[in-house]
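**Q** Residue numbers (the numbering used here), protein chains in the order written: chain Z, 1 to 417; chain X, 1 to 304.
FYI, nobody ran anything at the bench for these hints, they're computed from the structure.
There may be inaccurate statements among the hints.
[What the hints assert, rightly or not] To give an idea of the chain X side of the interface with chain Z (calculated C-beta under 10 Å), a few residues:
(1) GLY58
(2) PRO60
(3) PHE61
(4) SER63
(5) LEU129
(6) SER130
(7) ILE132
(8) PRO151
(9) GLY240
(10) PRO245
[Unchecked claim] Capping the alpha-carbon separation at 16 Å, the derived lysine to aspartate or glutamate pairs in EDC-like fashion look like this:
(11) X:LYS146 <-> Z:ASP238
(12) Z:LYS404 <-> X:GLU64
(13) X:LYS40 <-> Z:ASP97
(14) Z:LYS315 <-> Z:GLU108
(15) X:LYS40 <-> Z:GLU361
(16) Z:LYS58 <-> Z:ASP76
(17) X:LYS155 <-> Z:ASP238
[What the hints assert, rightly or not] Here chain Z is said to cover these stretches of chain X; the calculated rule only asks that three of the stretch's residues, wherever they fall, bring their Cβ under 8 Å from a Cβ of chain Z:
(18) 152-165
(19) 258-266
No experiment lies behind these values; they were computed from the predicted model shown.
Don't be surprised by glycine CBs; every beta carbon is placed ideally from N, CA and C.
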Amino acid sequence: MKRKIISLALAGTALVATSAYAEDVTLTIESWRNDDLTLWQDKIIPAFEAEHPGIKVKFTPSAPAEYNAVLNSKLDAGSAGDLITCRPFDASLALFDAGHLADLDDMEAMGNFSDVAKSAWQTDDGSASFCVPMASVIHGFIYNKDAFAELGIEVPTTEAEFFAALDTIKEDGSYIPMAMGTNDQWEAATMGYNNIGPNYWKGEEGRLALIKGEQKLTDPQWVAPYATLAKWGGYLGDGYEAQTYPDSQNLFTLGRAAVYPAGSWEISGFNALVDFEMGAFKPPVQNAGDTCYISDHTDIGIGMNAKTANPEAAKTFLSWVASPEFASIFGNALPGFFPLSSTPVELEDPLAKEIVGWRGECESTIRSTYQILSRGTPNLENDTWGASVAAIKGTSTPEELGQKLQNGLASWYAPQQ
Amino acid sequence: MQKPRIRWHIAVFLAPAVLVYTAVMIFPLFNTLRLSLFSKVDQERVYVGLQNFQTLFGDPFWSEQFWNALGNNFWFFLIHMLVQNPIGIALAAILSHPRLRFAALYRSAIFIPTILSFVIVGFAWKLILSPIWGIAPGMLDAVGLKSLFAPWLGKEEYALTTLALISVWQFVGIPMMLIYAALLSIPEEVLEAGEIDGITGMSAFWKIKLPLILPSIGIISILTFVGNFNAFDLIYAAQGALAGPDFSTDILGTFMYRTFFGFQLQLGDPHMGSAIAGAMFAIILVGVCIYLFGIQTRMRRYQL
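Take these sequences, add in the hints, and give me the full structure.
**A** What follows is the structure, given as structure tokens:
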């Protein structure tokens, strides 16, 4: 009898212990979006925790430039968080292949996304999806509406109008025509080449042809954007060679530059800083009436660490991320990161609304170098950074750059050989 | 006949240092060298012998980057040898002058940058030299030399030299302190004896002090060599892992980091990275051996 009581008591404490333990499930999220720390802490996490009392969530971002290296080291060492913010394409695919990311195909909520949205986080044959798509970013140009009104400039739609507008700003002299620097290199490629490029290579058509080996980087549609970039050099500020990305952001938000080649992710940051009205225009087309193409790049997803101690809680969180509720909180809290879920989300921010509206007018594509083509060494994306900088500085001709990139790609990519 | 006693205390006293040094230095070093002999094929680590080194030196894509980084590293080292060490010696000579006032103040002021973090130094100089917010263009403008200003860190032809000079600014205190200590240890009698023979002022420095501090200069040179060929932090803090513009500031350290840990869409390759680290180790080893066996053994030492 006594023994029974003791064992009952033991069982009781064990139960208490487990339930206490269950309440303490803490999920840690690895991310490179350190800019979004307050958003996660103030809006997203409280909304989730209110609905799921048993689960606590911690958002632990690292610096964007170091994220991939840090994450890989943590995963190898077994110290990574339960949930992993996914870079698009190969960086995440490699994590999946290495067994670090769990297969999420059995999750019902994955049905909320189109195939295009999921494509950035699938195996090449589409048989397994390993990250829940969160958001895409759209490229274009943000401009200072007050400056444009002051100088009497119409919003440009064609390339000729675009350069005419820049000329007007340059002649007037009170604004730097365009805020961009080449010091950090990626701006030139991401906000330069891949921003204006889709209009030349016709978006998905050219991108897929390049992957299949039907087009080459030496073809005119791939070289011409470099020739256009070469013209940009004259419109950037003094000493743009040493101008960094934060420098460019500050030049624009302080009202010293009129046009900012942008990704939509800038919107929330800019909204907090500017005291003038901002507008946006899409990458100008070559001739009036041409079909326009925009880079609507799948940028963020979120997946589950395959070795997490709390797979159930992690899946609960991922299902919630896939829900329209999250899309609405995220899309409105972070204007400029456009939700990818099939249910349309009504955005409140005027600038974000303007930009997301381009999805209806133009053909969407993603950055040309991201899928498959940056898998080998030399790395096409990194080479594109250098090539775009060289084009703007005028240290190489567009043809030389095309040839160099093609040689690098052909050295390891069979369809291009 | 008595058996020689085993002297346990030697092992006991050596053990902590040997264990710690083995765990944090010797083991990682050899493990890195071992890693460079493997490669990853289909998620499996396979032994490939010297193939990584063959790729590094044989494949034009890799070898071009390697020789570029090595050349930049030599230039980085050369600037330190030509600028940092002579200035360090000159500063030490001035500081050791008995009639200099506020010597302690100067000494600390010049030494302080050495204890700053690379990140602070890189960031501060980036701001100073910034064409937009920096004070460098303004200061040049004030003396009417604005035309001399260029966005140095963004130009292929100047960036590496600029960074090397920033590093010189940061570390000039180290040769200064070592030489200063060596100069102070020269006995007055030697200098006085020279004075009686008519050697004073500058010639006393060249004929008496310099020969006596040559061993210290040798040590400084080898410290500079090892430090420069292991350098990474300043370039990474100021220019990022791509060591722009157009790899003009890429040194072995940044090349190794980029390869080992990956960068942006480029995935890390620990095996190639280890091969580069192995090559760096070999270069430093050869340099140190040349110094130890070629120079130090021939250096004349004077009994003071």
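**Q** Next, verify each hint and record whether it holds.
**A** Structure-based check of all given hints:
1. GLY58: Violated, because the Cβ-Cβ distance from X:GLY58 to chain Z comes to roughly 13 Å (cut-off 10 Å).
2. PRO60: holds (9 Å)
3. PHE61: holds (5 Å)
4. SER63: violated (13 Å)
5. LEU129: holds (7 Å)
6. SER130: holds (7 Å)
7. ILE132: holds (5 Å)
8. PRO151: holds (3 Å)
9. GLY240: holds (7 Å)
10. PRO245: holds (7 Å)
11. X:LYS146 <-> Z:ASP238: It holds: about 12 Å lies between the C-alpha atoms, which stays within 16 Å.
12. Z:LYS404 <-> X:GLU64: holds (14 Å)
13. X:LYS40 <-> Z:ASP97: holds (13 Å)
14. Z:LYS315 <-> Z:GLU108: holds (10 Å)
15. X:LYS40 <-> Z:GLU361: violated (46 Å)
16. Z:LYS58 <-> Z:ASP76: violated (21 Å)
17. X:LYS155 <-> Z:ASP238: Measuring from Cα to Cα gives roughly 13 Å; hence the hint holds.
18. 152-165: Result for this restraint: holds, n = 5.
19. 258-266: holds (count 6)
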